[in-house]
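Chain A is already provided as a structure; the job is to place chain B on it using the hints.
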Amino acid sequence: MAATTAPETAAPAAAGGNAMHDARRRLSWSVINLLVVVYALVPVLWIVSLSFKTSDTINDGNFIPRSWTMDNYAEIFSTGIFTRALINSIGIALISTFIAVSLAVMAAYAIARLDFPGKRALIGVSLLIAMFPQISLVTPLFNIERELGLFDTWPGLILPYITFALPLAIYTLSAFFREIPWELEKAAKMDGATPIQAFRRVIVPLAAPGVVTSAILVFIFCWNDFLFAISLTASESARTVPAALAFFTGASQFEDPTGTISAAAVVITIPIVIFVLLFQRRIVAGLTSGAVKG
Amino acid sequence: MAEIVLDQVSKRYPDGALAVSEVNLTVADGEFIILVGPSGCGKSTTLNMVAGLEDITAGELRIDGERMNERAPKDRDIAMVFQSYALYPHMTVRENMAFPLRLAKVDDGTVRRKVEEAAQVLDLTEHLDRRPSNLSGGQRQRVAMGRAIVRDPKAFLMDEPLSNLDAKLRGQMRTSLSRLQKKLGTTTLYVTHDQTEAMTLGDRIVVLQGGNVQQIGSPQHLYDEPANLFVAGFIGSPSMNFLPVTVENDRLSTPLGSVPLPDRSRTLLSAADAPRELIAGIRPEHFEDAALVEDHLRDKGHTFTGTVDVLESLGSEKYAYFELEGEGPQARQLADLASVTGSADEGGGPRQLIARLSAATRAKEGAELDVWFDPAHILLFDPDSGRNLTRAE
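Chains as they are written, first to last, in our numbering: chain A, 1 to 294; chain B, 1001 to 1393.
Chain A on its own, in the form it takes in the complex (with noise of 0.2 Å):
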């Protein structure tokens, strides 16, 4: 830049000035990442450093703890609100993932390729159930379930959960549908596939990082849920984790459960994060290049 302005004799003190011109620019986005990194950071470290503390340490305020323990983790497991938390949570997320998923990859396909009546309305539709305040359904939902047997049952929370990750997932997936070349669909008609066939062996490969990503969506989705885990639910049978790290209580009523509930919070986190370390190379690749000139 002021290099190639400047005159031939001036040009070593020039370039000597873009170095440092750059270095300043990389000391400057240096320091803005790093904030925002240790404001991301910062207090999930802190849940971290909290879940090793000894129960007398935990109000010392030091962010690394002065004695380490895994008392926190041993506590957890031991009593079966956890587990069973745990186990439900697990079930009620790949379950509701599984469904809203593939149910959302059909009716993406269809939003992106065919033309039918009401497609509008459905597009519509799924944008408003999106929109909704999930509060406002919680009272109505808690009277439905309680009258259809599904209240603190598994599918009680499954059902509520697919209907609110739908929106999501059909809009994430028909974004990807979209990408994908028409032709290619014609092309595998031509080479003697069936309808299903072309979209299982030529479509879903190829939209694959984008069902992965609304996979991933969805379950952190369900996973997260509070508000459906702690209005429909009663009891152990299908308290989620997040619910139930509400009715964690001290060893005595006087106890402060500051350490197991970090230690919970930091198990539940753990799943997501080898979810995404797993699958962010599919997210970020992209799959269709050189299906056309392009």
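Hints may contain errors.
The calculated DSBU-like cross-link candidates involving lysine-lysine, where the alpha carbons are at most 35 Å apart (straight line), are [to be verified]:
no., chain 1, residue 1, chain 2, residue 2
1, B, Lys1105, B, Lys1168
2, B, Lys1182, B, Lys1168
3, B, Lys1182, A, Lys186
4, B, Lys1154, B, Lys1168
5, A, Lys186, B, Lys1105
6, B, Lys1105, B, Lys1182
7, A, Lys186, B, Lys1364
8, B, Lys1364, B, Lys1300
9, A, Lys186, B, Lys1154
10, A, Lys119, A, Lys186
11, B, Lys1154, B, Lys1183
12, A, Lys186, B, Lys1183
13, B, Lys1168, B, Lys1114
14, B, Lys1105, B, Lys1183
15, B, Lys1168, B, Lys1183
16, B, Lys1114, A, Lys186
For the chain B half of the interface with chain A, some residues (derived, Cβ under 7 Å), not all of them [unchecked claim]:
no., residue
17, His1090
18, Arg1094
19, Pro1100
Hints are computed from structural coordinates only; laboratory data are not their basis. Cβ coordinates follow ideal geometry from the N, Cα and C atoms, glycine included.
Showing chain B alone in chain A's frame:
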């Protein structure tokens, strides 16, 4: 190997637009047929109807005598090569080419053998395990061809398969495509908007315009005896010159002077009960620098003098452009043609004439030149219907 028959095939879209109107075409077994026309003429729609990718509104499609209208694409046993190639990006070249065979549940040994044979033919052997995204345009195009030929279909359908290649590669692929089709002897329907491709590849050409078949015939036939103004103007590059002319007794009054009407034309004109105002068409190569024409020929033809407006030298020949005085020819088909070729001057006003001269010509830009032509080469068209009046049916 199959005979494809289109019997009064029409396509009307739900919004009422008629894309293809009553096409009648019989493609003989092993024949190479080109569908050519400007964009939006219905050629791709016709191809998609044969493929089964679009429904046929009216008429019947028969392959080997069997009605195909209601059959799904996969049951028609036709392979198609797409303009975009439509290769499956998540599969290697080998898997791409094997895909139709896999769907047909062919056993692994046969799949391997057939894919390798096809790869051999198309010079793709060393690329079999690469993915389409790592291939060049020409290689991708060959993979698309390979996917079509592996399963020995009854017919090939090709939708502008070469239009995404650069000019030089397109020329090479054109030749190898022609060779491949001869070797395999498979019935082929080929869509293009490029009239050079149409002329060089096809056994027969179908010229389409606005969903209507304008003419079907061999490349030479279409070139020499176009059925109407549209075909005359569309086939041939540079395109045919059109001039407004008037028939006066036995002579033709043209902007290039008055020329005698050839006997053959005169008989045909009187038989057709032609109007007096006509449009004459004459191809650029039928002109020559009068100085280069031998004397005994010069007297047979007609010579006019014009100022060379622009001179383009191609090395082997030269194109001389002349500006003509007066109104240009007026005809609906010429207007269609103008909207297609993008030349704005067809509507009227001063018109230009292109002459293809021998490279030996002394013509200079801005200088006057004597140009000779043989009136026997003049084609006469009816301005209203666009019909070629000098063509014996």
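Evaluation of the provided hints:
The hinted pair formed by lysine 1105 of chain B and lysine 1168 of chain B fails the criterion: a straight-line CA distance of about 39 Å is larger than 35 Å. With a C-alpha separation of about 22 Å, the suggested pair lysine 1182 of chain B and lysine 1168 of chain B falls inside the 35 Å cut-off, and the hint holds. A threshold of 35 Å between alpha carbons decides the hint, and for lysine 1182 of chain B with lysine 186 of chain A the separation of about 27 Å falls inside it, so the pair holds. Between lysine 1154 of chain B and lysine 1168 of chain B, the direct Cα distance comes to roughly 31 Å. Compliance with the 35 Å bound is thereby established for this hinted pair.
For the proposed pair lysine 186 of chain A and lysine 1105 of chain B, the alpha carbon gap of about 20 Å is at most 35 Å, so the pair holds. The suggested pairing of lysine 1105 of chain B with lysine 1182 of chain B holds, with an alpha-carbon distance near 28 Å, which does not exceed 35 Å. A threshold of 35 Å between alpha carbons decides the hint, and for lysine 186 of chain A with lysine 1364 of chain B the separation of about 54 Å lies outside it, so the pair is violated. For the hint pairing lysine 1364 of chain B with lysine 1300 of chain B, the CA-to-CA distance comes to about 26 Å; that is within 35 Å, so the pair holds.
For the given pair, lysine 186 of chain A sits about 18 Å from lysine 1154 of chain B by alpha-carbon distance, which is consistent with the 35 Å threshold. Restraint check for lysine 119 of chain A and lysine 186 of chain A: satisfied, since their Cα atoms lie roughly 22 Å apart, inside the 35 Å limit. Taking the CA atoms of lysine 1154 of chain B and lysine 1183 of chain B, the gap is near 15 Å; set against the 35 Å cutoff, the hint holds. Of the supplied pair hints, the one linking lysine 186 of chain A and lysine 1183 of chain B holds, its CA atoms being roughly 27 Å apart against a limit of 35 Å.
Taking the CA atoms of lysine 1168 of chain B and lysine 1114 of chain B, the gap is about 30 Å. The hint holds against a cut of 35 Å. Pair hint lysine 1105 of chain B plus lysine 1183 of chain B holds up; C-alpha atoms about 26 Å apart against a cutoff of 35 Å. Between lysine 1168 of chain B and lysine 1183 of chain B the alpha-carbon distance is near 23 Å, which keeps this suggested pair within the 35 Å criterion. In summary, the hint linking lysine 1114 of chain B to lysine 186 of chain A is supported, as the alpha carbons are separated by about 23 Å, within the 35 Å threshold.
Contact between histidine 1090 of chain B and chain A, as hinted, is supported at the beta carbon level, the nearest pair being about 5 Å apart and thus within 7 Å. The beta carbon of arginine 1094 of chain B comes no nearer than 15 Å to any beta carbon in chain A, farther than 7 Å, and the hint placing it at the interface is violated. Proximity of proline 1100 of chain B to chain A holds as hinted, the smallest CB-CB distance being about 4 Å (cut-off 7 Å).
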